[in-house]
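Novice: Below, each chain spelled out in residue letters.
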Amino acid sequence: MSRVTRFAARDPGPSARIAGFIGHLREQGYQLGVGDTLIALQALETVDPCSIEVVRAALRASCVKHREQQQNFDALFDSYWLQNGRVREKAAPKPSERNLKGGNSSRSTAGQDQDQGRTDTPDNGEGEIEASGVGRKVAARRDIKLKKDLRQWVSPEDVTEAEQIAKQLGEQLRHQRSRRYTKHAHSTYLDLRHTLRKAMTTGGEPLNLAWKMRPYRPIKIAALCDVSGSMEHYSRPFLAFLAGMMRSDPNADAYLFHTRLVRITDTLRDRDALRMLNRLTLLSDGVGGGSKIGANLERYAERYARRFVNSQTVVLIFSDGYDSDSPEPLVNALQRLRKRGAKIVWLNPLKGWVDYQPVARAMAAALPLLDHFAPATTLQDLADLGAHLQ
Amino acid sequence: MTPDIQPALESQGYLAADNLSMALHIAMQLERPLLLEGDAGVGKTELAKALATHLNTELIRLQCYEGLDAHHALYEWNYPKQLLTIRSAAAEGKSGATVEQRLFGEEFLIERPLLKALQATSRPVLLIDEIDRADEAFEAFLLEVLSDFQISIPELGTIRAKQRPFVILTANGTRDLSDALRRRCIYSYLDYPDRHRELAILHRRIPDADTHLLGQITHFVHSLREESLEKKPGIAETIDFAAAIAGLGLNDLSDNPALVHQALVTLLKTQADLDAIAPEVSARLAGRA
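Protein sequences appear in the order of chains A and B.
Okay, so the first sequence: first residue is 1 according to our numbering, each after it adds one.
Okay, so the second sequence: first residue is 391 according to our numbering, each after it adds one.
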């Protein structure tokens with residue numbers, strides 16, 4: 001296979017390559033330790049590593065620890081071992097297709113040129129063939145410019161401040177208690193049943209008393225943050241808040257959505273605030289574009305909520321309710337979330353305005369299904385939220 | 391090349407995907423627990439059963455549930471028996487010291503699955519089912535057992551595994567498992583089988599049924615899984631459905647759409663799903679199958 005990556009002659013051998021591959025996976029967010037490198041090597045020893053598919057399967061089985069990882073493993077494998085990145089880049093313009101188009105009509109190529117390459121190509125219009133050849137690249141460059149840098153939105157200082165607030169909120173939330181009693185050493189409730197059982201050891205005399213109490217039942221927070229164009233100015237404090245919350249509360253769960261839904265829980269837990277923001281920026285291409293609230297919430301209710309949402313969950317939705325789609329999917333999704341017993345709190349930055357009326361179609365449709373509908377423009381608004389989350 | 395375990399499982403009637411058989415192969419070779427995740431009904435528990443039959447060994451199953459604690463999983467002293475022994479010893483006039491020697495012997499120990507797996511003489515398959523239902527505290531406790539394969543009973547001392555059991559953990563996503571647990575295991579996510587494999591499974595399970603009909607049924611179930619359902623039908627449901635259809639004497643799904651619709655109770659397990667698939671929808675799916 002000619003596609004297989006050629007390693008330099010000074011490369012110290014297979015073990016080092018595997019270690020390199022593990023490092024490659026680690027950069028992509030896989031949590032793998034030194035022990036895992038060893039497992040990967042041992043796994044390869046148990047199979048016949050002459051075929052690339054066997055190696056792929058063995059490494060997949062030993063490195064993948066998550067469903068999401070199982071899905072993107074193949075691409076990562078290819079990019080390391082098969083130099084897929086470089087190959088694809090070369091193949092990207094697909095010469096056969098381009099020739100076909102060029103042969104068909106020159107006008108269509110010119111149209112493509114207008115669509116993709118115009119604004120940034122200085123030699124625009126000079127030659128059709130060249131324009132269509134580089135058009136894709138230029139388009140990609142423009143895409144990057146459109147991409148919002150989240151670092152402009154959130155600073156590491158914001159995150160520290162929000163962390164404090166999120167911590168306070170977390171403390172407030174913990175005051176909910178379960179209805180069941182469990183054993184507890186320092187309580188004022190006598191656990192009769194257990195006391196009697198203990199009494200057996202002392203010949204039926206209840207000398208050692210046992211106590212019980214109702215344990216705290218922490219509330220889980222699942223937060224979904226709208227980062228579409230209309231929310232651009234408001235998402236900032238909320239993202240900081242989410243980052244703060246993820247650090248202080250191991251049970252919390254966070255998502256971004258614009259046209260897609262992205263789970264950012266693990267990213268936000270990164271200890272280095274700056275690196276976290278970098279990773280977040282990478283995850284959120286499409287920020288500042290349109291939003292599909294209904295579709296995204298539906299995807300959430302279908303995929304993630306099944307795992308993470310139960311009766312102890314509060315779902316925080318931070319959005320202005322301007323949806324480009326019809327409200328039905330939104331209502332459907334909210335109903336499904338309610339069915340799981342979750343509390344739904346919608347934070348709308350526009351609600352802080354003087355005579356705001358929830359007239360946006362999606363917002364109006366969602367209103368009857370919400371447990372709480374509150375304004376949220378600053379971190380303080382979020383701090384005041386505690387009372388409503390219980 | 392596929393690992394040898396694949397044909398071995400196949401002879402037990404379990405058709406494992408390549409991914410899964412490789413994970414199982416590595417888990418067995420490296421003596422690591424195998425963590426299987428996937429929707430209900432994709433064959434996670436079945437794998438453990440098939441493996442136990444193939445290895446001709448005992449399958450020890452620990453079903454997890456909310457509130458499961460170490461006592462239910464490991465061992466418990468048989469209190470009533472101990473009390474009775476004390477009473478009878480007192481009646482016979484024996485001294486306290488001799489009775490006490492006996493009270494915490496193995497005859498008063500009730501073995502729960504984990505201890506049983508450690509004490510088994512031939513290497514057993516230990517199935518820890520639906521680990522995500524147990525509390526996080528139990529998960530942490532389990533980590534300890536799984537890393538050393540030894541437990542300490544204060545009255546008896548430390549019990550080491552005679553042979554390391556093959557451990558299979560299953561989870562269907564009630565909650566997210568801790569990274570620590572994931573790290574210690576070989577992981578594999580089980581998806582619904584593709585059409586080809588599901589057909590093969592049906593063939594094995596219902597050998598008398600007509601090939602054409604089984605093909606239609608797999609097609610039907612696959613299109614049903616693409617509908618938006620609360621609970622997608624798993625393989626077990628497909629087998630039930632196929633058995634129901636074959637039992638009803640149908641030879642072709644499009645023959646009697648009404649009957650097919652009624653047989654949906656074997657596939658769809660919530661009222662909302664049954665409502666979502668109207669007779670017209672099932673007829674359309676059956677017609678296309």
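No wet-lab data here; the hints were simulated from the structure.
Please note that a few of the clues may not be correct.
Covered, in the sense of this in silico footprint (three residues per stretch, anywhere, with C-beta under 8 Å from a C-beta of chain B), are these stretches of chain A [unchecked claim]:
#, segment
1, 52-63
2, 66-75
DSS-like mimics (lysine-lysine), calculated; alpha carbons at most 25 Å apart, straight line [what the hints assert, rightly or not]:
#, chain 1, residue 1, chain 2, residue 2
3, A, K339, A, K167
4, B, K484, B, K471
5, A, K198, A, K167
6, B, K552, B, K621
7, A, K198, B, K471
8, B, K439, A, K339
9, B, K506, A, K339
10, B, K471, B, K506
11, B, K621, A, K220
12, A, K220, A, K167
13, B, K484, B, K439
14, A, K183, A, K220
15, B, K439, B, K552
16, B, K484, A, K198
17, B, K621, A, K343
18, A, K343, A, K220
19, A, K198, A, K212
20, A, K167, A, K343
We put the CB at the ideal spot given by N, CA and C, even for glycine.
Novice: Failing hints, ascending?
Specialist: 3, 5, 6, 8, 9, 13
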